[in-house]
Amino acid sequence: MFGGPVDLSFKNISKLTDAWTEEPRSSLRPVKRNSENKYLCCSLRLSNNNITDLLDLERTVSHFLAEPARLAWLDLSFNKITHIDQILCRLHELRVLYLHGNNIHILSEVERLGELQHLHSITLHGNPIETNKTYRNRVICALPRLKSMDFSAVTSQERVLAKMRHRSRTRSEDNRQ
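In the numbering used here, the protein residues as written are -3 to 173.
Each hint should be verified, as a subset may be incorrect.
Straight line, CA to CA, 20 Å or less: simulated DMTMM-like cross-link-like pairs of lysine to aspartate or glutamate [what the hints assert, rightly or not]:
no., residue 1, residue 2
1, 76, 3
2, 7, 19
3, 11, 111
4, 76, 54
Since the hints were derived computationally from the structure, they do not count as laboratory data. These figures come from a predicted structure and were not determined experimentally.
When you get a sec, could you build the whole thing from the sequences and use the hints?
What follows is the structure in structure tokens.
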């Protein structure tokens, strides 16, 4: 179950359903298939394509993986994704999520990913949200279980600052009400 990823990168995919007709790229670590011709792995690479939305993500994962509920690593980097879709939160076993090099504008959408109890590594650099001066702190605050962000370790000091920021923000929201 731990072979290489199903690699659909550099396939010029615009819609996730387009991926269904593609043959994954071969790699040094071949991925085994089951009797239904589905891949026995828990990682999917859809990077360097032209994907704009994640509408059919669950069906695409199910199309390729023998055990779609066990998807742990998803690479959607270098696409044209503009929003962090709620559909990502249905990937309950997700541990690593690459979203760098997209076109995500709304920093608060990262908070949706807080539902992912196992998510410990995320990449978001190369998106417009990165220009926000509180970018790293807000992501760490929204995803307190992160160990790595943008290929850099999350330090204990950053966690403390994120908690302080969260408490401060919660108090100011309470005061406004």
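Holds or violated: are the alpha carbons of residue 76 and residue 3 at most 20 Å from each other? The hint holds at about 18 Å.
Within a Cα-Cα threshold of 20 Å, do residue 7 and residue 19 meet the stated pairing? holds (9 Å)
Does residue 111 lie within 20 Å of residue 11 when you go C-alpha to C-alpha? At roughly 25 Å apart (the allowed maximum being 20 Å), residue 111 and residue 11 break the hint.
Hint check: residue 76 vs residue 54, CA-CA at most 20 Å. Holds or violated? Holds - the C-alpha atoms of residue 54 and residue 76 are around 18 Å apart, at most 20 Å.
Hint compliance for this structure: hint 3 is the single one not met.
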